[in-house]
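Protein sequence lines correspond, in order, to chains V and H.
Count the first sequence with the numbering used here and you get residues 1185 to 1574, in order.
Count the second sequence with the numbering used here and you get residues 1185 to 1574, in order.
Hints may contain errors.
No copy labels: a pair is met if it fits in one copy or bridges any two.
[Stated by the list, open to error] Quick list of in silico lysine to aspartate or glutamate cross-link-like pairs, DMTMM-like style, CA-CA up to 25 Å:
1. K1240 - D1334
2. K1441 - D1334
3. K1433 - E1524
4. K1397 - D1239
These aren't lab readings, by the way, just hints derived from the structure by calculation.
2 protein chains.
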Amino acid sequence: MSEYIEHDKDKISVGIVEKKFYTFAEPPTELVLESGAKLGPITIAYETYGTLNQDKSNVVLILHALSGDSHAAGYYKSDDEKPGWWDNMVGPGKGIDTNKYFVVCSNIIGSCMGSTGPCTINPKTVLPYALDFPVVTIGDMVKAQKALMDHLGIRKILSVTGGSIGGMQVLEWCVRYPDMVVSAIPLATTTKHSALAIAFNEVARQAIMADPKWNRGNYYFGEKPDLGLAVARMIGHITYLSDESMRLKFGRRLQDKSDFSFNFDADFQVESYLRYQGKKFVDRFDANSFLYITKAGDYYDFEKLHGDGSAVKGFSHMKAKFLVVSFTSDWLYPTYQSREMVKAMKKNGLDVSFCEIEAEWGHDAFLISSERLTALIRGFLDRVYNEIQT
Amino acid sequence: MSEYIEHDKDKISVGIVEKKFYTFAEPPTELVLESGAKLGPITIAYETYGTLNQDKSNVVLILHALSGDSHAAGYYKSDDEKPGWWDNMVGPGKGIDTNKYFVVCSNIIGSCMGSTGPCTINPKTVLPYALDFPVVTIGDMVKAQKALMDHLGIRKILSVTGGSIGGMQVLEWCVRYPDMVVSAIPLATTTKHSALAIAFNEVARQAIMADPKWNRGNYYFGEKPDLGLAVARMIGHITYLSDESMRLKFGRRLQDKSDFSFNFDADFQVESYLRYQGKKFVDRFDANSFLYITKAGDYYDFEKLHGDGSAVKGFSHMKAKFLVVSFTSDWLYPTYQSREMVKAMKKNGLDVSFCEIEAEWGHDAFLISSERLTALIRGFLDRVYNEIQT
């Protein structure tokens, strides 16, 4: 996801929040991964907003995408420049109303934002895992999230929601823990990456691995593969936008000049923007995490994992009520993929609402403040919450 | 353009052809470029197929895209594995019938396939130009092509055709030499790159420049920036295809294995394919030429150059008859851009035929053997040829 997050300090926010950590305490403290490899010890970084009600029936679990983290809303310090990545949706009176719901967001394993990942120290070597970190899957991420829920004493989740590979985690929650998940809101997602999506991820990975500073993943004590990671990020960035959004945002406008430079400087605003986004990203993200998380997204194949190749069969044991949302200009996770998902849900008689939102912002649309999306999510949560009360 | 070129040795070909070279002989042998810089001496590599008729009225000029060259048709040696890049269209009895037309195709300046470009020896330093090569534009390429036409004694061109940035050259021919160009066939092109197209080109350039072996363009005596160029090529490749064509060609099929590797090898066929295309490309193409030619494409802005921002004004002095062709799945040069071009042509009362061809192959469709495209081009050339005879 990119940096289009709109925020407004004057809007009511959840305020100051704290990043917490849970290190799996109960034996076995190791996770057996989908690949058969074992991973442990495991720490999960997470945040919560709002208050857990007495019967623990108001939990909303937010699952983040590639470059996200546990910081979905609020501020760590009063002078933070930006709030959490979904602050426009999560807060008092917002779409996911923290006056009403207890919201949990945790960092996925494999990431670099506090949960165990390739940059974590491997206790066996007392060095960062680097490529000794096992390849984790969407299912493994969800398994780790489930351990966190157990730790928090949560046995029922009112709603799981997330976009992009966060949406894949949503599906995985519903299929693994059908009795625990009351409802689910997969946004701008798919049951499996298309060849096009895999291709973009692969080229981004190649850009990182082509950087000699990547050094087969061993760069934690020297210079980092910043140039490779920046190119990877730029590739991703383009795929999160759309022809239309780029035309509106940049067009062919030049950057601080009246004519072309006739050299290889950034002439166009879109070039400067991409260079800036690439540079900014390397300060906050780990190149190995980029490799691991994109691979997890590419491997995910709901039909293959849960339905012997059939989506209808895959959804057959689910019980959750669904709100599926896609966006017109999202060409990375296009609407037709959401429609296929919805069709398979309906064939199983599931309670599904589907909405394709008219949006020019491409895949990023799910992160951008939208009255339509806010109203949809608010209405859906209200309904499912009321339904479990009666 | 990518490597999807279909060919069939059994089909009648123009046979063995020879790459020829023309070094500008008449003073001034230097070209004054659009940037104001001067370039010279200049050599143009070119090929011809068919026979120039007595009144020199049967010339078809082919203008190639980013990675193309003068070798549009035929074979250099009888055991060549592949013919020229547009062999399915150019030959005896083909869409551009060499029994009837005298076909010329030359390598653009800035390239590395025989015409003067950044890998050429700069006579002033007796070293390759590298980044001392001036940034050339689409207009500069056309100016050089015009010098070749003068050298060949050609004063009238029955038709100019080309796709992608070859199509930009087509437009430039029509606007610069309106009395010389009888007809024109711009394929899968635009009057100016969108922000999306610029963004992809910029990321590809960044991939090259991020490779330390690029060394600010000075790599001609050492190791080349192969990894960076391969990533650049992979990025380009994806943009030449389409969601649909990649689904049909690759889907999520695995490469020579029954399950995932759970490491960063190529698991999916689409990954292997891209890696292979990247590797193959670096053997035949120069990284600096990639930079120069993509920049020329990004700079091109027909409306700005020729119409004070108006396409209608830009086309107002043209005389050529047009056949404009776009392809349904081309998202790099989408149909709406061709339609805008056609609208501006029609507002000037120009003789325009427009066709959007249903094709799943994305931007690459213009290179792939298609009965529809062949019939369209053959019919159009027949018509304009007959019209000048009467």
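Against the structure, the hints come out as follows:
1. K1240 - D1334: Answer is within; shortest intra-copy Cα gap is 12 Å, inter-copy 84 Å.
2. K1441 - D1334: neither (57 Å within a copy, 37 Å between copies)
3. K1433 - E1524: For K1433 and E1524, the Cα distance is within 25 Å only across copies (20 Å; inside one copy 31 Å).
4. K1397 - D1239: Result: close neither inside a copy nor across copies, 52 Å intra and 62 Å inter.
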